[in-house]
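Sequence lines, in order, name chains E and X.
Position one of the first sequence corresponds to residue 1 (this note's numbering), numbered consecutively onward.
Position one of the second sequence corresponds to residue 1 (this note's numbering), numbered consecutively onward.
Treat the hints with care, as some may be off.
Computed beta-carbon distance windows for the label pairs [what the hints assert, rightly or not]:
no., chain 1, residue 1, chain 2, residue 2, range
1, E, G212, X, E188, 55 to 61 angstroms
2, X, Q31, E, A14, 57 to 63 angstroms
3, X, G158, E, S301, 22 to 28 angstroms
4, E, A14, X, R191, 44 to 50 angstroms
5, X, K76, E, A295, 29 to 35 angstroms
6, E, A295, X, R43, 52 to 58 angstroms
7, E, A253, X, R27, 37 to 43 angstroms
8, X, R81, E, A94, 44 to 50 angstroms
9, E, S148, X, G78, 37 to 43 angstroms
10, X, E83, E, R10, 27 to 33 angstroms
Everything labelled a hint here was simulated from the structure, so no lab data went into it.
None of the values given here were measured: they were computed from a predicted structure.
Think of the CB as a built atom: it goes at the ideal place given N, C-alpha and C, for glycine as much as any other residue.
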Amino acid sequence: MNDSESSPLRDQIAALPREFPPARDLWPEIQAQMQRLDPNTLSQVEPSALKSTRSTFRRYRLPLAIAAVLSLAAGLHWLRPAASGPSWAVSPLAGEPRVDRAILTGPAQLREGGWLETNSTSRARLTVGAIGEVSVEPNSRLRLINTSSTNHRLQLVRGTMHAMIWAPPRLFFVETPSATAIDLGCAYTLTVDDHGASVLEVTSGYVALEHGGRESIIPSGLMCITRPGAGPGTPFAVTASTEFRQAIDRFDAGDAAALSAVITKAGRDDAITLWHLLTRVSAATRGTVFDKLAALQPAPSGVTREGIVQGDAAMRSRWGEELGLSVGIAARP
Amino acid sequence: MTALCQHEPLLLNRPVVDADDESALIRRACQRDQQAFAQLYHRHVGRVHALCRRMAADIPHAEELTQAVFVKLWEKLGLFRGESTFGTWLHRLTVNTVLTDFRSTRRREARVFGTDDPAALETPSSPASAGLRLDLEQAISGLPPRARVIFVLHDVEGYTHEEIAALLELQTGTTKAQLHRARQLLQEALR
């Protein structure tokens, strides 16, 4: 490169981001194609039904289509009589995890009410019936509360688990001291610390967090920090700046003054964060959140500033659907 | 375990979860562990997609290419011998996948190796989206296809002319000329 002529260009090239994620979640389509290659590694789904199509609404249609197909496959499986009592297969991945205090040396069963514990060097994997897998990281303690065709429920007391679920929404639940994580399809990582606080990061699909009538919907690429007694935190993008995260953290901890920092620092990737704030701020400040959100993601037709300020739930849901949260909103009971 | 409560500043700065190291994930993925593969995907999708986006200059096509890269990775992961880093290996796989795709159909072949129309810069084919450095990204997107691929591989990704020439089955003189032209067009577009 001619330095005298191209140095500014070279500087700009050097400043280009080395990575940026796709605007939509590609994992479900990749997973469907993987299954076409390895039909035995996932539940039996007709892969041709999962082929992507280009359309304006494909971002929303595909996850729903996948969920519908997987629901059918899972439903057919559940219609078969159970071969044994309610339990999940558990196997050691490293070290010596324990099931009900007994060292796990090979494949075994975790029965309802049973505890799985890992120490600093052990890991384990659970097979969640026919609907998914959970891997349990070191220093974790969890219990299988119950498992049935309509409700698979774990309690994560402390530690970290990675869940990958291919079931219809709201069939797999993980209770933590701070909130209940409700699977809406796909994959996430959940950590609970010794104080009961949790960190949820969704890597594919959607997860809802609920506690005390408060709910957060966390899609792929977002995370959420929740403290005991405070209800689900406000989700934010995993790529959010430290300043933005800190402002959210202060706001969730009750510092209403942090809202101005949240709004000031919110960027294009923070629309879902602002959408959650619509129900977490006072009516007096809701208009400010509306203005910022509308600047990032124009309000859909029929959604007005006045309606949002007055707390119109239908308008808020409609805007959430526009933001890609239709799976979480539609899956509400 | 580190406490997450009480505004611990570290929480906001550190990774949420200490994931498996990459070699362990690769080993598990080689054994057809989809969860491990999903973690590899989430670690690398941003880098793969960035490369596909810049080479393809078309968002839907870049998404299709990104998918194709990871499906191919699922097929070929067993061939990874650790002779380079996984990231480097995946990068090569991405470039090869994109170039193979470009060659595979006449439509895409025309997109990459068609007439180098300087007017393309005046009408960028695909505006950059969220969060990108719009001017330069748009200008790269608007480069004539062959010049764009050579520019991205050389100036952005650090390939040598010899490597690019081998990949594209061209002479190094041609790649140098195309690169020179791409830089000129970019500088004009960015004035």
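Outcome of the hint check:
Range check, E:G212 to X:E188: about 60 angstroms between beta-carbon atoms, so the 55 to 61 angstroms window is met. For the hinted restraint 57 to 63 angstroms between X:Q31 and E:A14, the CB-CB distance of approximately 39 angstroms leaves it violated. Range check, X:G158 to E:S301: Cβ separation about 47 angstroms, and the 22 to 28 angstroms hint is violated. The beta-carbon spacing between E:A14 and X:R191, approximately 19 angstroms, falls outside the hinted interval of 44 to 50 angstroms.
Against the hinted window of 29 to 35 angstroms, the Cβ-Cβ separation of X:K76 and E:A295 comes to about 45 angstroms, which falls outside the hint. At about 32 angstroms, the beta-carbon gap between E:A295 and X:R43 misses the expected band of 52 to 58 angstroms. E:A253 and X:R27 have their C-beta atoms about 41 angstroms apart, which keeps the hinted 37 to 43 angstroms range intact. With their beta carbons about 24 angstroms apart, X:R81 and E:A94 fall outside the hinted range of 44 to 50 angstroms.
The hint said 37 to 43 angstroms for the Cβ distance between E:S148 and X:G78, and at roughly 38 angstroms that hint holds. Distance hint check for X:E83 and E:R10: the Cβ-Cβ separation is about 31 angstroms, which falls inside the suggested range of 27 to 33 angstroms.
This entry does not satisfy hints 2, 3, 4, 5, 6 and 8, going by the numbered hints stated previously.
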